[in-house]
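> Residue-level listing of the chains:
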Amino acid sequence: MYVVIAGGGKVGWNLARELIDKGHEVTLIEQTRRRYLTIEEELEHAVQYGDATEMWVLERAGIQRAELVVAVTGDDEDNILICQMAREKYDIPRTIARVNNPRNRELFDLLGVAPVVSATDLILRLIEHEVPSFGLVHLLDLHAERLEIVEVEVTPAAPAAGKRVAEIQMPEGSLIISVLRKGAGFVPKADTVIEAGDEVLVVLDPGLEDGITGLFAVGA
Amino acid sequence: MFVLIVGAGRVGSAVAQSMLARGHEVSVLDHDPLSHERLDAGLASSWEETGGRFTVGQGIEVEALREAGIDEADVFIASTSGDNTNLVIAQVAQKRFNVTTVIARVMDPARATWYAEQGVRTICPTLQAISMFESAIVEVS
Chain X
1 MYVVIAGGGK
11 VGWNLARELI
21 DKGHEVTLIE
31 QTRRRYLTIE
41 EELEHAVQYG
51 DATEMWVLER
61 AGIQRAELVV
71 AVTGDDEDNI
81 LICQMAREKY
91 DIPRTIARVN
101 NPRNRELFDL
111 LGVAPVVSAT
121 DLILRLIEHE
131 VPSFGLVHLL
141 DLHAERLEIV
151 EVEVTPAAPA
161 AGKRVAEIQM
171 PEGSLIISVL
181 RKGAGFVPKA
191 DTVIEAGDEV
201 LVVLDPGLED
211 GITGLFAVGA
Chain L
1001 MFVLIVGAGR
1011 VGSAVAQSML
1021 ARGHEVSVLD
1031 HDPLSHERLD
1041 AGLASSWEET
1051 GGRFTVGQGI
1061 EVEALREAGI
1071 DEADVFIAST
1081 SGDNTNLVIA
1091 QVAQKRFNVT
1101 TVIARVMDPA
1111 RATWYAEQGV
1121 RTICPTLQAI
1131 SMFESAIVEV
1141 S
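Those protein sequence lines, which keep their order, are chains X and L.
The first sequence runs contiguously to residue 220 in this note's numbering.
The second sequence runs contiguously to residue 1141 in this note's numbering.
Just so you know, these hints were derived from the structure itself, not from any lab.
Given the structure is predicted, the values throughout are model-derived calculations rather than measurements.
There could be a bad hint or two in this list.
Unchecked claim - So these bits of chain X aren't anywhere near chain L, every CB distance computed over 10 Å:
hint: 1; residue: T38
hint: 2; residue: E40
hint: 3; residue: M85
hint: 4; residue: N104
hint: 5; residue: L142
hint: 6; residue: A144
hint: 7; residue: L175
hint: 8; residue: T192
hint: 9; residue: D205
hint: 10; residue: T213
Stated by the list, open to error - Computed footprint of chain X on chain L, listed as stretches where at least three residues anywhere in the stretch have a Cβ under 8 Å from a Cβ of chain X:
hint: 11; stretch: 1083–1094
hint: 12; stretch: 1106–1119
For each residue, glycine too, the CB sits at the ideal point set by N, CA and C.
Let the hints inform the model, and build the full structure from the sequences given.
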C-alpha cells in the first residue's frame, strides 16, 4: 500500500517507520527544515521537505497514487485541509486525521473529515476503561456510520442480572455481541444467562446509552 | 449590514474601519488583545466609542465565533494570517452558520483557486500582486 503521511512529529515519524517495517511504501512530509534533516538521516528518500497543505508538495509526494493519506501535523486546520483536498481533489478513498484540540472535533465532522484520532479522547477512554465506576465504557465510535460499541459491567441490582439473553428487553437498535466472564470472552446465545460481574459488549445506535445503563449497570 | 471580521491585521482592521465608517455594524474577532490598537488607530475616539465591537478569541473555536456575533452576521470575512485557518472558518461560517456572504483571504494561489471552485469565495493578494507586476513589466517593455 502507498501511504502519504503529513507531519513528521513523534506520531508521523514513528508511523512511517512502522509502516515501512511492515513493507508499505511511505512518503512522509515535514515542513520544518531541521526536523526534516533529522528524519532524513534515517528514512532517506521516504521523507520530503515542504508544507503538506500546498498542492505542489502533495503532488510531488505522489498523492495521486496514494491509497491512504494520514494527516498528523500539530495544526488541526492543516489536518482538516489536507484530508479535504486528498478526498475531494485527489480522490483518495481513505484518510485519517489527527485531532490536536478535542474542541475542534466538531469542525472535522462538519467538514466531512473522518475518521479522526484524538489522543485526549483515547486517554479518556483508557481512564474510563480502568475506572469501572463510570458504568459504561465506549470502545468504538463510528461517527459517520452512527454506530457505537460499549462495554458495561453487570451490577447485582441490574434488571438483566440473572436473566437469559432472550428475556432481556434490549432497546430497539442495540444488540449484545459478546460477554466477558472470568477473563474469557464468548458470543452469547439466546439461552445464555447474564450474571452479575459479567462484562457485556453491546453494539448500539448513539443515544441509547441510558437504556443500556438502566438494564446492566443499575447502582453502579 | 452586520459584518464579522476574523483577524485584525493590516487588512482586517482596515476593512473593519471602512465598513464602520460606511454605517455598517462591525464586529472583529482576534486572538491577540493588542490587535485592538490597530482598530483604534486614526479614529477620533476609541473603536468601541465609534460603534465597533471587538472580541478576543480564536476564530477556529465555535464559541468565540458565537460571542463575536456570527449568528447575526450577514457578511463574514476571514482575514487571519493563516490560509488554512481562513479556509476552515469560512467553511464553518457557510455550512454551520449559513452566513450569506463569506469571503476568505488566501495567500496561496493554488488553494485560493481550488477552494473558489468548491464554492468558497476567496481573495488572493498574491495573484493580485503577480498580475500587477506583470502589467507593470509589460508597460515598460
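> Was X:N104 rightly flagged as not at the interface, with every chain L Cβ beyond 10 Å?
At about 6 Å from chain L, X:N104 fails to clear the 10 Å cut-off, so the statement is violated.
> At 10 Å, judged by beta carbons, does X:T192 keep clear of chain L as stated?
The claim stands: X:T192 keeps its Cβ more than 10 Å from every Cβ of chain L (closest is about 45 Å).
> Check the non-interface label on X:D205: least C-beta distance to chain L beyond 10 Å or not.
holds, 24 Å
> Would you assess whether X:T213, listed as outside the interface, keeps its beta-carbon beyond 10 Å of every beta-carbon in chain L?
Per Cβ check, X:T213 is outside 10 Å of chain L; nearest 29 Å; holds.
> Beyond 10 Å from chain L, beta-carbon-wise, is X:A144?
holds, 16 Å
> Please check whether the beta-carbon of X:E40 is more than 10 Å away from every beta-carbon in chain L.
holds, 25 Å
> According to the definition I'm using, a residue is off the interface if its beta carbon is farther than 10 Å from all beta carbons of the partner; does X:M85 meet that for chain L?
violated, 7 Å
> For X:L142, is the shortest CB-to-CB distance to chain L above 10 Å, so the non-interface label stands?
holds, 22 Å
> Against chain L, does X:L175 keep a CB gap of more than 10 Å to every residue?
holds, 33 Å
> If you count the residues of the stretch 1083–1094 of chain L with a beta-carbon closer than 8 Å to a beta-carbon of chain X, do you get 3 or more?
holds (count 7)
> For the stretch 1106–1119 of chain L, do at least 3 residues have a Cβ located nearer than 8 Å to some Cβ of chain X?
Holds, because 5 residues of the stretch 1106–1119 of chain L bring their Cβ atoms closer than 8 Å to Cβ atoms of chain X.
> Once the closest CB in chain L is found, is it more than 10 Å from X:T38?
Its Cβ never comes within 10 Å of chain L, the nearest being 25 Å, so this holds.
Hints 3 and 4 from the earlier list are contradicted by this structure; the remaining hints agree with it.
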